[in-house]
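Novice: Protein chains in written order, with my numbering: chain A, 1 to 444; chain B, 1 to 444.
Some hints could be false.
Sample of chain B residues at the chain A side, in silico, Cβ under 10 angstroms [said to hold, decoys possible]:
#1 P30
#2 A85
#3 S112
#4 L139
#5 L292
According to the in silico footprint, chain B covers these stretches of chain A (three or more CB under 8 angstroms from chain B) [as the list claims (entries may be wrong)]:
#6 20 to 31
#7 75 to 82
#8 99 to 106
Since the hints were made in silico from the structure, they are not lab data.
Just so it is clear, CB atoms sit at the ideal spot from N, CA and C, and this is done for glycine as well.
There are 2 protein chains.
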Amino acid sequence: MPQHRQLHLNLNIYGTGAHAAAWLWPGNDPQAVITTDYFVKLAQLAERGTFDAVFFADRPAFPENGAFRPFPSIEPTVLLAAIAAHTRHIGLLATASSSYNEPYNIARRYASLDLISGGRAGVNIVTSADSEAARNFGLGAPPAHADRYRRADEFAEVLKALWDSWSPGGIVADRSTGRYYDTDRIRPIDHHGEFFSVRGPLNVPPGPQGRPMIVQAGGSPAGRDLAAKHADAVFALATSIEEAREYALDLRERAVKHGRAAEDILIFPGLATIIGDTEAAARRRQEELADLVPIAQGVNYLSDLLQVDVGRFDLDKPLPETVSAPENGMTTFALNVIRKARENGLTIRQLIRAQNGGGSNHKTIVGTPEQIAAHITEWFGTGAVDGFNLMPDVLPSGLETFVEQVVPLLRRTGIFREHYEGGTLRENLGLSKPNSPQSDLKAS
Amino acid sequence: MPQHRQLHLNLNIYGTGAHAAAWLWPGNDPQAVITTDYFVKLAQLAERGTFDAVFFADRPAFPENGAFRPFPSIEPTVLLAAIAAHTRHIGLLATASSSYNEPYNIARRYASLDLISGGRAGVNIVTSADSEAARNFGLGAPPAHADRYRRADEFAEVLKALWDSWSPGGIVADRSTGRYYDTDRIRPIDHHGEFFSVRGPLNVPPGPQGRPMIVQAGGSPAGRDLAAKHADAVFALATSIEEAREYALDLRERAVKHGRAAEDILIFPGLATIIGDTEAAARRRQEELADLVPIAQGVNYLSDLLQVDVGRFDLDKPLPETVSAPENGMTTFALNVIRKARENGLTIRQLIRAQNGGGSNHKTIVGTPEQIAAHITEWFGTGAVDGFNLMPDVLPSGLETFVEQVVPLLRRTGIFREHYEGGTLRENLGLSKPNSPQSDLKAS
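Chain A extracted, bound-state conformation (with noise of 0.2 angstroms):
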């Protein structure tokens, strides 16, 4: 393990790339996102730039207004079973959600992803605020927040307790007795609560980081908590530095309060990239991607994240001033663009383009490999931040440039790694292993 702190990167692969048009760029093929091989060549791309993770990003249900995109269809665990038959290092992370999944069947899925990975494997909780996936769950819309905040932390309490229930040495394989596990080593785990009733134990046995990772994206309170309780690392959102320090300001308090150290969570704020050789060419590539994006996909998007049909206004008008922000898992990101677009004057047509569309909701920075290596070394300096997970504007291009052009100047710097130094998802990120099922349980 290095003694200085070290820079961790997550690659986040959102279908064709983070830009809402990155499908439409020239010479992108865009069915092959319902292709293993499409990803399996990220994922090398991203094993060789020494990423830690490669991250998906899912939703069970096809999105209503989602005719102008591809959006992640294979589901992320069979994905990524099949990407760690063809990598070796990098982490493998995805989405599940805590409201439309039983705890057992998740627990054993990760746990077996985590297994046949060499410990590489962590599931990011998220609780589907989108009415879309209720409705494919025997429900008319999603459960109240609350409600679905408070599922979502027992959710991770028997993930923790399935993923424990096995004490090293479960397997015993002892010819001499016909024992093949010794069960005083594999416990139930008799978890009754609120929303579930789970036995246990699992039947699966622990891989070589002793769990998955817990990994949370939650901006509210809420969420926040959820993180703080349970996550080795957050998804969070910060367009600024002063955000950033405020996240991490408020994050860490919380997790001292659930009786864990402050750096026991990772704080991986999300980076979207254009990167040009020049300044201006990366401008270049923003504005040929802006004009690549169908207006009725922007307004789709900013429909979808206002909860208004913004079709009805006059796109070259700006938005009414009756349109506010919904209440919802968006609502600070859904206040941040209604008031930049009216701080700057910014007419609908003007705001769409300006969010590229409806690409990554997350800091972007267009600029050269020079600027963004700047960028992401000076984030990283004022500790608010333990690296990022990174978004870029088209894959595989924006990827390639980021690994060849990038990658090299953080190394040079001395804050990213030259190879892989650790042998499992947590070692790379300089997680501790959990401890047995025992200890833990005193912990949380």
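Add chain B to chain A, keeping to what the hints say.
Specialist: What follows is chain B alone, placed relative to chain A:
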């Protein structure tokens, strides 16, 4: 497609093999079952033998009395995704519980596996009669038999509807309009039933075989009806040609009642094999395996099957007259075991030995490659079976012998393929590709 009837073979991979003592077989690595390498090599070996498919039984629980042998551990869709990455032709089948999963999640996972494997996936729907599983999903005991089967019927209905929710051409990726999906070809299913409300559509496009296969294995009247209505193939229990004939007649009658053609459903009885160069060598192998079974394993197995603590009986006396078959998913099989014990005057210890210590419940042939091939050819010739669900005693050795010595004999008779002729699992099985959503809805 061949003009004459073709034999089909499925490899049932149950941990280290069908025999209860398989993991104790000299030279076997008992830890191999928690690695993907082991399973990938078995699937590659089966693919060399031009098997139609590999199959993983599964159960979402750690079995109460499971100390003495490895049981399915790695979650099977994760395992099949890894196998898909290392094979080209062989079908990929696994069990999923309709009682403890949401149909949207299972439809999506198997559709994903089907897509990434080029049309090789299928799901064996089980209703999970065991109480260990029930206790991992909020229940004290499994739901009543009739309730489980009504749910399974609706579950299969929803799977098929979701898989058919895309018409061909759902992805248009039209650069001129910026439309990625043609949402006229991706339609909600609006299912509202007793157990599920699922709006749909699925968020995964269909693979080249239209939709994943459905397999069923229930022997009860409700299980047979479920198979007759929804399954493309059944894993059956038949220990004599007469039983196989009766089963086929009954199942095909039920299929016709559900508006299907009698040949729309393939019948694969389980076939356990213990192979030797001579019949005496095969019998010796059987005895050596029986000697390896810890008596406690056999007692646990019989106790589970008969739902009575067999350990409190004198093992060197016959089963007490008071012991009868419990009413559950294993009733028919338990009745057969009790009848066999009583007809042959077996002590409990002898009965355990005769059951391979709790190995395969299915027809077991102990003999030479020629005897195995003759058995398969004879049964296939009756028309009552379309192939077999092969359960070698010990893996990989029992499969190696089968592929090297039995498969060539079967090929020589002309009933088994020399090489894969179809591009998908359905094509290799001679099953028709499901029609478009509209015509499918009419048929069901």
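Novice: Each hint needs a verdict: does it hold in this structure or not?
Specialist: Hints versus structure:
{"no.": "1", "hint": "P30", "verdict": "holds, 4 angstroms"}
{"no.": "2", "hint": "A85", "verdict": "holds, 4 angstroms"}
{"no.": "3", "hint": "S112", "verdict": "holds, 4 angstroms"}
{"no.": "4", "hint": "L139", "verdict": "holds, 8 angstroms"}
{"no.": "5", "hint": "L292", "verdict": "holds, 7 angstroms"}
{"no.": "6", "hint": "20 to 31", "verdict": "holds (count 5)"}
{"no.": "7", "hint": "75 to 82", "verdict": "holds (count 6)"}
{"no.": "8", "hint": "99 to 106", "verdict": "holds (count 5)"}
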